[in-house]
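Model the full assembly from the supplied sequences, consistent with the hints where possible.
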Amino acid sequence: YECDVGSYETKAHTDKTDTIFGSFEMNVPASYRGFQLRFNAEVFDHDVYDSHDSIGRFRSSKMHVFKPDEATAVTMDREPSKNEAAELSLHVKMVCEDGYYDTSCAKKCIAKIGFYTCDENGNRICVPEKLPPDCQLDDPCLKEPCAEGATCEKLTDGSRKCICDATDESKCYKHIPCEPNPCLNGAKCSQSPTNKFDDVCLCTENYAGRRCDSPRDACAEEAFRLMIKHNDTINQKCRLSV
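Residue 168 in full-length UniProt numbering sits at position 168 of the sequence shown, and the numbers go up by one each step.
Incorrect hints may appear among the rest.
Cβ pair distances, simulated, as ranges [to be verified]:
| id | residue 1 | residue 2 | range |
| --- | --- | --- | --- |
| 1 | P68 | E148 | 41 to 51 Å |
| 2 | E70 | C3 | 21 to 31 Å |
| 3 | I228 | E148 | 35 to 45 Å |
| 4 | E148 | K229 | 41 to 51 Å |
These are computed hints drawn from the structure, not numbers from a lab.
Being a predicted model, the structure only gives us computed values, none of them experimental.
Ideal Cβ placement from N, Cα and C applies to all residues, glycine included.
Written out as structure tokens, the structure is:
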């Protein structure tokens, strides 16, 4: 089954043995992608008063659509006629319309402001605020950033979670050293020398633990006192009398 895709008529050329007709464009509908094309051409001797005389009719074989941006020579066979000297050569180049890519111009990518641009192969390049591959979802780590120093992890449902101090928190608020004071029982609080997002507690002699929440026993208290006195760690054997 064959149907006409389009036609084109050149301007008249005067008294020339060799004529270059120039280039012209012809749109091929998208539904024809993958089908074969055939080119037909007829050259006339243009007469002002009489009917035009046919110089020659030419016809190509069926061929597949060409690769975009590559000029392809098309063999035009002349149908039998009185003018056996007439010859016609044809070169065809397929160019994809704006926004279409790939070897068959079937890949569509039209840049969308605020969402994505398109590279030379028609792939979407998301703006920083959007997530690949379709560039439609917001990047949750940019839309709702975690606090300074926290690690933002993107989740499959499009949300995010913040990781701070090796624990999962909903927001990981900005850390202000010792506010509020996490130390107990009169302990002094200060910023950790190794991690600015952590606090350390200097316990009184009667308490121990990370937050100074564990009372020392009698033996431990004496050992602690002696350790402070001698500025060293010493071994103490203690026996309680009851």
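- Message: Holds or violated: the 35 to 45 Å window for the beta-carbon distance between I228 and E148?
- Response: holds, 37 Å
- Hint says 21 to 31 Å; check whether the CB-CB distance for E70 and C3 agrees. At roughly 25 Å between Cβ atoms, C3 and E70 fall inside 21 to 31 Å, so the hint holds.
- Confirm or reject the claim that P68 and E148 have a C-beta distance inside 41 to 51 Å. holds, 49 Å
- Task: Mind checking the hinted window 41 to 51 Å against the Cβ distance between E148 and K229?
- Result: Since E148 and K229 have Cβ atoms about 42 Å apart, the given range 41 to 51 Å holds.
The structure fails none of the hints (numbered hints given earlier).
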